[in-house]
Amino acid sequence: MNKLTKLFITFVSAITLTLASISSSFAKVEGDYIVLGSAISLTGKYSSNGVHTQNGYNMAVDRINKMGGVEVQGKKYKFEIIYYDDESNPKRAAQLAERLIKQDGVHYMLGPYSSGLTKAIAPVTEKYKIPMVEANGASRSLFTKGYKYLFAVLSPANQYLEVAIDLAVEKNGGKGVRIAQAFEQDAFSQDVRLGILDAAKRTGSEIIIDDKLPKELNDMAATLAKVKATKPDVLVVSGHTKGALTAIRQISEMKVDVPMLAMTHCDAAKLSKQHGKKSEYALCASQWHKNLSYKDKFFGTGKKYDADFKKEFGYAPPYQSAESSAALLVFKDAFERANSFDRDAVRDALKTTEMQTFYGNIKFGPGGQNTAKPMILFQVRCKGDDCENKVVAPTKWASDKFYHPIPKWSERS
Amino acid sequence: MNAIKQKDLILYSGLIILGLAAPYLFSAFKVQLTYLCVLIVLAMTWNLQGGEMGYNTFGNILFYGLGMYLTASVQVGMFFPLAEWTESGGEKTFVHTTAQYFQGIGVGLLVSAIIPAIIAGAIGYAILGLRGHYFAICTLGLGIAAGEIAGGIEIIGAGQGFTTPPFPAEIVDTEARGKFFYFLSFALLIGTFVFVKYIYGSRFRLILNAIRDNEDKAEAMGIQTMKYKIVGWMVSAFFCGLAGGIMGGLIGYIDSTDVAFDGREMGVFMVLMAILGGKGTLWGPVIGATLFHFFKEGLWTLILGWQYVALGVLIVVIVIYFPEGLMGWLREKYPEKFGEVIDEKDRKAQVELK
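Line by line, the protein sequences give chains A and B.
Note that my numbering numbers the first sequence so that position 319 is 319, with each residue one more than the last.
Counting the second sequence from 1 gives a position; my numbering is that position plus 1000.
Hints may contain errors.
As the list claims (entries may be wrong) - Below, a list of computed lysine-lysine pairs in the DSS-like style, where the Cα atoms sit at most 30 Å apart:
(1) A:Lys66 <-> A:Lys351
(2) A:Lys310 <-> A:Lys273
(3) A:Lys66 <-> A:Lys231
(4) A:Lys127 <-> B:Lys1179
(5) A:Lys278 <-> A:Lys66
(6) A:Lys231 <-> A:Lys408
(7) A:Lys363 <-> A:Lys303
(8) A:Lys127 <-> B:Lys1197
(9) B:Lys1179 <-> A:Lys145
(10) A:Lys212 <-> A:Lys273
(11) A:Lys242 <-> B:Lys1179
(12) B:Lys1296 <-> A:Lys129
(13) B:Lys1197 <-> A:Lys148
(14) A:Lys129 <-> B:Lys1197
(15) A:Lys242 <-> A:Lys297
(16) B:Lys1197 <-> B:Lys1007
(17) A:Lys297 <-> A:Lys231
(18) A:Lys242 <-> A:Lys278
Hints listed in this document are in silico derivations from the structure and should not be mistaken for laboratory results.
If we strip away everything but chain A, and leave its shape as in the complex, we get (with noise of 0.2 Å):
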């Protein structure tokens, strides 16, 4: 034998012996450690949504943990998380989750961010009879597909805007609207495009302009030229985090006069921060907003958690991160009344979750989803240069006015 063939048999042999003895290491509770597996976006197109939720994830965590823990069969655990980066590619999603329940023996799941990338990872969690708490799927058809492993504690995607329709025929004397929308290509954006079709038919309003937006997007200037030129009563886009920085710019730029437009990820994109008076009366979806007076042991109220959050981030919280906690606080809940580590009887406990925390109400409905929790919209309004999102629906938490029609651009300073 000769040198060279020495070294390889060596190298494969010493692959050979790390693999075997990963394979059988690792447990779902190790000592005082309750391990959750989850693959975050840290990196790519959904890395600045990935990163609020995974610090909601820590700040949960670390919460949790200081409170005293998880307590079960009368002994008090700790949270831990497993993260990897799945690169905002649900093909690398699935891959990392199966290493997670096969490689390193995790027993529960928290989701990843975006509906495509929970799309991808549910049918692995599924498999192995894994539960799942996701925060950030919101996608109605992750809940048509029966599974079983699978709860996610925000509102499904469809009802994003659909109450902001409803404000425009409302503001319209009951009559429908014409409505311009424009939709990335991507789970999420789709399914908040036919929660519009829902509506739209609903109300006898009338699409004009229907347009798709490529995913990564940075530049609608070719639909907010047809609006210009149709002058529609409704503009509606969705596109994640760069579709709420894109229109905004556009839209500035090129001078656009809407009398409502009405988007998501206003927030996470920090849009009232970022543009300013340019954003000013744009209408946002949100899963949540600090001054609803919702509350819970842990966190207090949103207020609190804004405070909290900002005091240990830096920045105000998205309702990505405060939905991203309640989702730890949904487990802590279904392990204490499961009192068992049993993956079967933390299923069943989570099934019947019935509880409030600071970031709404929690009931799972038949296909996962929480059927507790309505959406509500905010609006940007500024005073001077400063400009924060007001509550306008639904009336019941409404702490401003709604502001329609939005003024010319003429008019505006």
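Position chain B relative to chain A; hints supplied.
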């Protein structure tokens, strides 16, 4: 000659036994092993164009994505209305029985091999006349365009993505799915390897090499280069389509640009792996893909968030230090291992002449 063959025999049977035993030895790593098989297939087929023929294609991802959509569509469409399956928020659920699932994926894979090959023939006729950078850019466009187009076709889920049929629930063994896809991909790997090895021993490879080295001369020698270029591409498309079909079933969710026509990842990886191992060699892509996969799986999670930076560094290192790939580097260091005889006297004579 006989001795070499015997050595090969031991090597091949050893590798096949390792391959067959792998899912049992490393049970937890089945999915990664399946990925490895598919990556090797992609690297080997890319090597036929990029390495042997000298046509740097970024378009092979087109066939991979096509295969993925075709397999899933056939698997669903054979038994249920496809449009209702992919319709988002559709309230109906369709469940494949065990027999339906396997029949579907069988026919699906057959279709996913044949149709991409036909398409490769058709577009090959149109674009294989381009050379060098023009060909590379054109194929790059093909992959991107395919992703955008697929993202607009409602019947295959458009931007919503396409959830492929779940593995039959009647099979209780949770390991069965992993094993099924692993052995499927391993069979594909063997098939591809045998076929490529056959090509390596044939006149066909010499013609591809002639095209690479000087296409005009090859033409002047009376070789119908276009014909061979197209056939070569069809071969790649055939195996890429199968690889895509298997991956679609394994991942379980097809997204137009991120999973199927994933030029940014798979499309780049296949080129990178072939170059890392050494293009224009039989074993280069295999070694390259294996090393790349180990690097990716082992290292990437340790450097969360920085993995693409590391990948960039890797590319730079490969290009600077191993421009001919690992195989090329070894060949230079140990030429006698590759059957190249260096006449010492002759070499010395040349040095003295200088």
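Quiz item: Straight-line Cα separation of A:Lys127 and B:Lys1179 no greater than 30 Å?
Solution: Measuring from Cα to Cα gives roughly 14 Å; hence the hint holds.
Practice problem: Would you mind confirming whether the straight-line C-alpha gap from A:Lys129 to B:Lys1197 stays at or under 30 Å? | Solution: With Cα atoms ~43 Å apart, A:Lys129 and B:Lys1197 exceed 30 Å; violated.
Self-check item: Pairwise hint evaluation, B:Lys1007 against B:Lys1197, where the allowed Cα distance is 30 Å at most
Solution: Given pair B:Lys1197, B:Lys1007 holds - Cα atoms ~16 Å apart, limit 30 Å.
Quiz prompt | Straight-line alpha-carbon gap B:Lys1179 to A:Lys145, limit 30 Å | solution = holds (24 Å)
Exercise. Below or equal to 30 Å on CA atoms is what counts here, so check A:Lys297 against A:Lys231.
Key: Status violated; Cα separation ~49 Å.
Quiz item: Taking 30 Å as the top limit, are the C-alpha atoms of A:Lys242 and A:Lys297 close enough?
Solution: violated (35 Å)
Exercise. Would you check the hint for A:Lys127 and B:Lys1197, treating anything up to 30 Å between C-alpha atoms as holding?
Key: violated (38 Å)
Quiz item: Does the structure keep A:Lys363 and A:Lys303 at a Cα separation of 30 Å or less?
Solution: Measuring from Cα to Cα gives roughly 23 Å; hence the hint holds.
Quiz prompt | A:Lys212 paired with A:Lys273 [C-alpha distance capped at 30 Å] | solution = holds (27 Å)
Quiz prompt | 30 Å limit on alpha-carbon distance, applied to hinted pair B:Lys1296 and A:Lys129 | solution = holds (28 Å)
Practice problem: Would you check the hint for A:Lys231 and A:Lys408, treating anything up to 30 Å between C-alpha atoms as holding? | Solution: holds (12 Å)
Quiz prompt | Hint consistency between A:Lys310 and A:Lys273 [alpha-carbon to alpha-carbon, up to 30 Å] | solution = Status holds; Cα separation ~14 Å.
Hints 3, 5, 8, 11, 13, 14, 15, 17 from the earlier list are contradicted by this structure; the remaining hints agree with it.
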